[in-house]
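> What follows is each chain in one-letter form.
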Amino acid sequence: MQLEGKKRIWAEYQKDIPDDHFFYVRSCIRQTFFAGSEQVFLKIMRDDLGKDVMEDPRHTTCTGIGYHGDVVPFETISTVVARHFALATEAGYKNIAISCVTSFGIYTEILETWKHFPDLLAKTRDNLFKATGREFDLPESIAHASDIIYKFRDELARKAKYQLYDITTGKPLKVVEHIGCHYAKMFPKHGIGGAEFPHVLVGMIESWGGEVIDYPERRHCCGFGFRQYLIQANRGYSISASRKKFESMEPYKPDMIVANCPGCAMFMDRWQYTIKEIDDVTYGGYKTGIPTLTYEEMAGLVMGYDPWEMGLQFHNVQALPLLRKMGIKADPDKRFLAKDGSRLPEPANLINS
Amino acid sequence: MTVMTKHVIIAGGGVAGIEAAGVLADMGHTVSILEKEGNPGGHVSKWHALFPDRRPAGEVTGYLGKRIENENIRFIAGTSVEKIERHGGGLTVGISGGTTLNADAVIVATGFDLFDARRKEEYGYGIYDNVITSADLEQMFNDDRLLTSDGRVPDRIGFVHCVGSRDEKVCNEHCSKVCCVTAVKQAIEVREKLPGCEVFCFYMDMRMFGPFYEELYRESQEKYNVNYIRGKVSEASGTMKKRVALKVEDTLAGRPLKMEVDLLVLMTGMEMSKSGAKLAEASGFATGINRFLESTDNHYGSNMSKMKGVFYAGTCTAPMNITDTISHARAAAVEAVKYLSSK
Amino acid sequence: MNRFGFHINKSRLIDYDTSDRKVRQYITDREPSFRVCFACGGCTATCTAGQHASFNLRRMNTLIRRGEIAPLREEVSRCMLCGKCQLICPRGVNTRNVVALAAEAIMKYDRNEL
Amino acid sequence: MEDLYARLMTDVRFEEGLNACMNCGVCTGICPAAEYYNYDPRRVVDLVQTRDNNIILELLKSETIWYCGQCMSCKTRCPRGNTPGLVIMALRKVSQELGYFTESEKGRQQFAIKRTVGENILKHGYCVVSYDVDPKSHPEQGPAWEHYYNHLEDSLARVGGELNGKEGPTRKISDDVLQELKNIFEVTGGQDLYDAIEEASELKAAEMNMEFKRAGRDFEYFRHVVTADNGNHQVENEDIRREEHAARR
Numbered sequence: 047m048q049l050e051g052k053k054r055i056w057a058e059y060q061k062d063i064p065d066d067h068f069f070y071v072r073s074c075i076r077q078t079f080f081a082g083s084e085q086v087f088l089k090i091m092r093d094d095l096g097k098d099v100m101e102d103p104r105h106t107t108c109t110g111i112g113y114h115g116d117v118v119p120f121e122t123i124s125t126v127v128a129r130h131f132a133l134a135t136e137a138g139y140k141n142i143a144i145s146c147v148t149s150f151g152i153y154t155e156i157l158e159t160w161k162h163f164p165d166l167l168a169k170t171r172d173n174l175f176k177a178t179g180r181e182f183d184l185p186e187s188i189a190h191a192s193d194i195i196y197k198f199r200d201e202l203a204r205k206a207k208y209q210l211y212d213i214t215t216g217k218p219l220k221v222v223e224h225i226g227c228h229y230a231k232m233f234p235k236h237g238i239g240g241a242e243f244p245h246v247l248v249g250m251i252e253s254w255g256g257e258v259i260d261y262p263e264r265r266h267c268c269g270f271g272f273r274q275y276l277i278q279a280n281r282g283y284s285i286s287a288s289r290k291k292f293e294s295m296e297p298y299k300p301d302m303i304v305a306n307c308p309g310c311a312m313f314m315d316r317w318q319y320t321i322k323e324i325d326d327v328t329y330g331g332y333k334t335g336i337p338t339l340t341y342e343e344m345a346g347l348v349m350g351y352d353p354w355e356m357g358l359q360f361h362n363v364q365a366l367p368l369l370r371k372m373g374i375k376a377d378p379d380k381r382f383l384a385k386d387g388s389r390l391p392e393p394a395n396l397i398n399s
Numbered sequence: 002m003t004v005m006t007k008h009v010i011i012a013g014g015g016v017a018g019i020e021a022a023g024v025l026a027d028m029g030h031t032v033s034i035l036e037k038e039g040n041p042g043g044h045v046s047k048w049h050a051l052f053p054d055r056r057p058a059g060e061v062t063g064y065l066g067k068r069i070e071n072e073n074i075r076f077i078a079g080t081s082v083e084k085i086e087r088h089g090g091g092l093t094v095g096i097s098g099g100t101t102l103n104a105d106a107v108i109v110a111t112g113f114d115l116f117d118a119r120r121k122e123e124y125g126y127g128i129y130d131n132v133i134t135s136a137d138l139e140q141m142f143n144d145d146r147l148l149t150s151d152g153r154v155p156d157r158i159g160f161v162h163c164v165g166s167r168d169e170k171v172c173n174e175h176c177s178k179v180c181c182v183t184a185v186k187q188a189i190e191v192r193e194k195l196p197g198c199e200v201f202c203f204y205m206d207m208r209m210f211g212p213f214y215e216e217l218y219r220e221s222q223e224k225y226n227v228n229y230i231r232g233k234v235s236e237a238s239g240t241m242k243k244r245v246a247l248k249v250e251d252t253l254a255g256r257p258l259k260m261e262v263d264l265l266v267l268m269t270g271m272e273m274s275k276s277g278a279k280l281a282e283a284s285g286f287a288t289g290i291n292r293f294l295e296s297t298d299n300h301y302g303s304n305m306s307k308m309k310g311v312f313y314a315g316t317c318t319a320p321m322n323i324t325d326t327i328s329h330a331r332a333a334a335v336e337a338v339k340y341l342s343s344k
Numbered sequence: 048m049n050r051f052g053f054h055i056n057k058s059r060l061i062d063y064d065t066s067d068r069k070v071r072q073y074i075t076d077r078e079p080s081f082r083v084c085f086a087c088g089g090c091t092a093t094c095t096a097g098q099h100a101s102f103n104l105r106r107m108n109t110l111i112r113r114g115e116i117a118p119l120r121e122e123v124s125r126c127m128l129c130g131k132c133q134l135i136c137p138r139g140v141n142t143r144n145v146v147a148l149a150a151e152a153i154m155k156y157d158r159n160e161l
Numbered sequence: 002m003e004d005l006y007a008r009l010m011t012d013v014r015f016e017e018g019l020n021a022c023m024n025c026g027v028c029t030g031i032c033p034a035a036e037y038y039n040y041d042p043r044r045v046v047d048l049v050q051t052r053d054n055n056i057i058l059e060l061l062k063s064e065t066i067w068y069c070g071q072c073m074s075c076k077t078r079c080p081r082g083n084t085p086g087l088v089i090m091a092l093r094k095v096s097q098e099l100g101y102f103t104e105s106e107k108g109r110q111q112f113a114i115k116r117t118v119g120e121n122i123l124k125h126g127y128c129v130v131s132y133d134v135d136p137k138s139h140p141e142q143g144p145a146w147e148h149y150y151n152h153l154e155d156s157l158a159r160v161g162g163e164l165n166g167k168e169g170p171t172r173k174i175s176d177d178v179l180q181e182l183k184n185i186f187e188v189t190g191g192q193d194l195y196d197a198i199e200e201a202s203e204l205k206a207a208e209m210n211m212e213f214k215r216a217g218r219d220f221e222y223f224r225h226v227v228t229a230d231n232g233n234h235q236v237e238n239e240d241i242r243r244e245e246h247a248a249r250r
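Chains as they are written, first to last, in the numbering used here: chain A, 47 to 399; chain B, 2 to 344; chain C, 48 to 161; chain D, 2 to 250.
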């Protein structure tokens with residue numbers, strides 16, 4: 047592989063990400079399954095980088111899963127997103143930071159559509175006013191939250207406590223990066239690095255000392271497929287797509303998978319468990335599963351946040367061996383605690399526990 | 002009849018430029034060929050063999066070499082035409098370096114550029130070692146070294162048609178015409194050199210437009226067992242063993258197909274040359290939506306520009322094979338002579 | 048059904064790296080004209096069996112070339128060997144013989160004789 | 002018959018998603034659905050571009066249009082600038098508006114998506130909420146989720162959240178806000194689509210002699226649409242299968 051070729055592409059697809067003052071919108075899937083990730087993103091932004099991130103508790107889902115599950119019309123989701131723009135406008139914010147990749151794709155699709163069909167923008171303004179009495183300015187920028195961490199990756203690297211580095215072997219960790227399909231496949235110019243060789247996670251991994259694996263199924267979808275997961279009878283589609291990826295990445299012996307899309311991170315963790323149950327197959331160099339992290343969790347580890355306060359224990363593939371490699375001391379007994387600090391029973395059948 | 006000697010400048014010293022110069026010189030005119038590269042011949046000088054008869058490309062470059070050995074032709078290498086302007090009865094030609102020359106007529110023969118395959122990012126040219134272009138393969142034939150980047154004799158080679166052609170994603174909606182038959186020719190050459198190597202062409206339509214092209218296509222199947230899969234390759238990835246993994250739909254089977262190859266050859270198409278585009282912009286020449294020069298009429302004015310005394314020859318107007326380029330250049334020369342004698 | 052209520056799906060991909068091209072080889076060795084088919088579909092358009100059943104010779108030829116033989120077993124039995132396709136084939140493929148050979152090859156394949 | 006093509010053309014996604022297809026197959030080559038279902042997005046676009054209303058009607062009633070997972074990988078590479086995924090979205094919308102979705106097993110599943118994700122949006126302000134992902138109906142979520150779910154408050158507190166809190170992850174969305182969402186759904190046709198799905202599903206349940214309730218998820222028709230799998234979705238040649246099926250009867 048020739049790195050120069052990739053660098054040329056990366057240089058072509060850069061976008062302006064604002065320096066400060068973000069209006070943050072949460073993700074259905076991320077706040078449900080990786081609530082700790084959203085929290086650590088805010089901590090890194092506010093405490094480590096000193097940025098102003100506004101969160102208005104009145105914001106909601108963008109309805110994206112409903113939209114791509116085909117029960118929510120385009121006119122409806124446009125208006126829900128317009129309501130978020132209205133909240134940002136009211137609070138004086140012009141930069142939207144989006145937790146979810148599906149939402150990011152939708153925001154982009156809506157803004158692009160309004161660009162080409164101004165009458166639909168007018169209609170949406172009308173609808174929003176009728177429904178809520180709210181009005182809005184178009185945002186000056188929208189960024190996926192991973193774009194923002196990417197922008198500050200070198201600053202974070204300078205402040206980092208740990209590296210993506212195996213202290214037991216002295217070699218960089220081998221990381222599989224997985225980009226959510228809706229990050230750049232629909233609008234390549236809105237993704238850092240474009241659709242074919244996205245740089246958003248590669249940049250973080252390399253800045254923080256890791257080595258990226260480029261494997262044949264790198265660009266394949268995790269298999270969420272909206273209705274293909276939401277409905278039990280369809281889940282064979284979803285798990286099969288993830289399995290295809292695991293089989294393709296396995297020979298490269300990755301130390302971990304990292305994703306910028308909450309759905310992908312969730313599925314690539316969950317399906318490893320289900321495949322083990324159905325087919326008795328585990329992936330990973332030593333048949334121990336491949337820990338699958340959100341990019342916030344990866345950033346949090348590097349910045350020295352407590353893995354259990356980020357929720358790493360709530361993954362089916364436990365990250366203990368990974369933490370040992372990185373030299374992070376984390377007490378496995380403190381993973382599952384109640385509010386009062388007492389130990390809760392450890393779930394059975396976790397991988398790598 | 003006495004011929005009044007006139008000075009004609011030709012922008013470009015490839016097939017079209019040289020042939021037009023040859024015709025004009027034969028008729029007694031003084032011709033200056035301005036070629037931006039160091040040598041005459043254009044793209045064909047880098048090619049190994051030509052379709053459909055697979056004669057050595059050297060025979061055509063040899064012919065072109067002889068054609069410019071004419072006392073009426075001055076070949077000026079390393080110089081490009083930047084701008085053409087009409088002043089009264091004549092033309093002034095701005096050339097690289099800032100000098101201007103006068104001419105009675107100008108033939109634009111700035112040719113084409115091969116599509117930069119790196120722009121089709123999904124095929125990984127310039128990233129994955131064993132993804133090459135059709136031009137790279139000709140070079141391998143010239144060097145008589147048909148090996149992968151890591152020195153293996155390939156067991157399987159794939160050819161991807163329409164790379165940079167018929168593709169709005171790279172702003173080229175046109176067909177480049179010659180790539181289909183080039184792929185057939187190259188596939189046969191591979192099979193001759195490496196009888197153990199399987200060859201696959203991934204195509205959307207087989208556009209065998211010239212004499213003996215369809216016959217060559219049939220021969221490639223019948224005699225050389227070349228395989229054809231109807232489907233545009235969706236994606237190429239590097240594998241651990243430095244092979245190239247392909248995803249494509251076999252549209253005739255109606256199912257997705259996956260295959261690894263040792264070498265992937267991208268059939269890069271023709272684009273308006275960058276130098277030609279610059280010249281067109283500076284001189285106010287019209288270009289079509291395909292960005293090639295737009296002549297005054299598609300059917301009976303394909304050599305004619307809107308600027309009096311300026312004529313077009315060859316692939317600066319559209320993708321063409323060598324046969325058609327030579328005919329088109331001769332026609333441009335005839336139009337120029339007609340113009341000069343009427344002055 | 049397992050406790051999850053779904054199965055891991057089988058792939059419908061034609062995986063050319065693992066597919067078995069013995070049937071193709073058998074036919075090509077005995078009927079070299081098989082190679083020159085360019086998938087115009089003339090055979091399928093004129094096919095008598097194709098009027099009444101979903102028999103598609105053009106597609107069957109493609110599948111044989113790719114080494115996809117599973118669908119072949121059903122397909123070959125549908126042809127009535129009337130030979131109309133051969134009259135129409137612009138490349139002169141002996142289509143009738145191709146079908147006969149395909150039936151023969153699949154039989155041998157199933158008996159491990161290929 | 003209504004001009005279905007004209008109706009599709011009123012959807013901006015259809016207008017954007019369909020230019021002239023040249024059947025190159027670049028979409029199918031990377032389509033995750035094409036690998037696991039008898040599905041070929043190229044063919045869907047080719048059928049739609051015939052503008053033949055009978056063909057479009059067949060599609061609206063078919064299983065085919067429900068196989069796509071909307072990853073939108075098809076948009077990146079189409080050399081003619083089509084997006085089969087957007088064409089599918091437009092077809093699905095019309096199929097639901099006109100009630101044809103209940104004609105196919107995969108289409109009938111829309112009812113369950115409406116009753117889960119659809120209702121979560123208006124009830125909780127999010128498509129997915131932690132307390133609704135019951136490990137019993139989601140065994141594939143595995144032991145980590147089961148633990149999280151069973152100790153929701155403890156687990157959330159551990160990562161800095163509060164269940165039904167005032168702010169942060171999985172906060173309670175206030176009634177005012179939910180009212181705004183409901184208004185938006187009323188004004189923009191979202192509620193109409195929900196109603197169309199309900200109405201056609203109730204009719205279908207009656208036709209299939211299945212128990213149906215106007216709320217909740219604990220009844221036969223809901224369970225049926227979530228779990229039913231006739232096993233034909235991967236079959237190589239649907240036509241052959243249909244024919245055989247008829248012959249056996």
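Keep in mind that a hint or two might mislead.
Pairs of lysine-lysine, DSS-like flavour, derived with a Cα cap of 27 Å [stated by the list, open to error]: (1) Lys-124(D) with Lys-169(A); (2) Lys-124(D) with Lys-176(A); (3) Lys-57(C) with Lys-224(B); (4) Lys-97(A) with Lys-197(A); (5) Lys-170(B) with Lys-61(A); (6) Lys-53(A) with Lys-197(A); (7) Lys-183(D) with Lys-176(A); (8) Lys-235(A) with Lys-275(B); (9) Lys-89(A) with Lys-173(D).
Non-contacting residues of chain A with respect to chain B, defined by C-beta distances greater than 10 Å in every case (computed) [said to hold, decoys possible]: (10) Ile-55; (11) Asp-62; (12) Glu-101; (13) Arg-104; (14) Ala-132; (15) Ala-168; (16) Asp-200; (17) Leu-202; (18) Lys-217; (19) Pro-262; (20) Asp-352; (21) Asp-377; (22) Asp-379; (23) Gly-387.
Chain A regions said to be covered by chain C (calculated; three or more residues, Cβ under 8 Å) [unchecked claim]: (24) 268-282; (25) 316-329.
Calculated from the structure, these hints are not laboratory results. Since we're looking at a predicted model, the values are computed, not measured. The beta carbon of each residue, even a glycine, is placed where N, CA and C say it ideally should be.
> When the hints from earlier in the document are held up against this structure, which numbers fail?
3, 10 and 19
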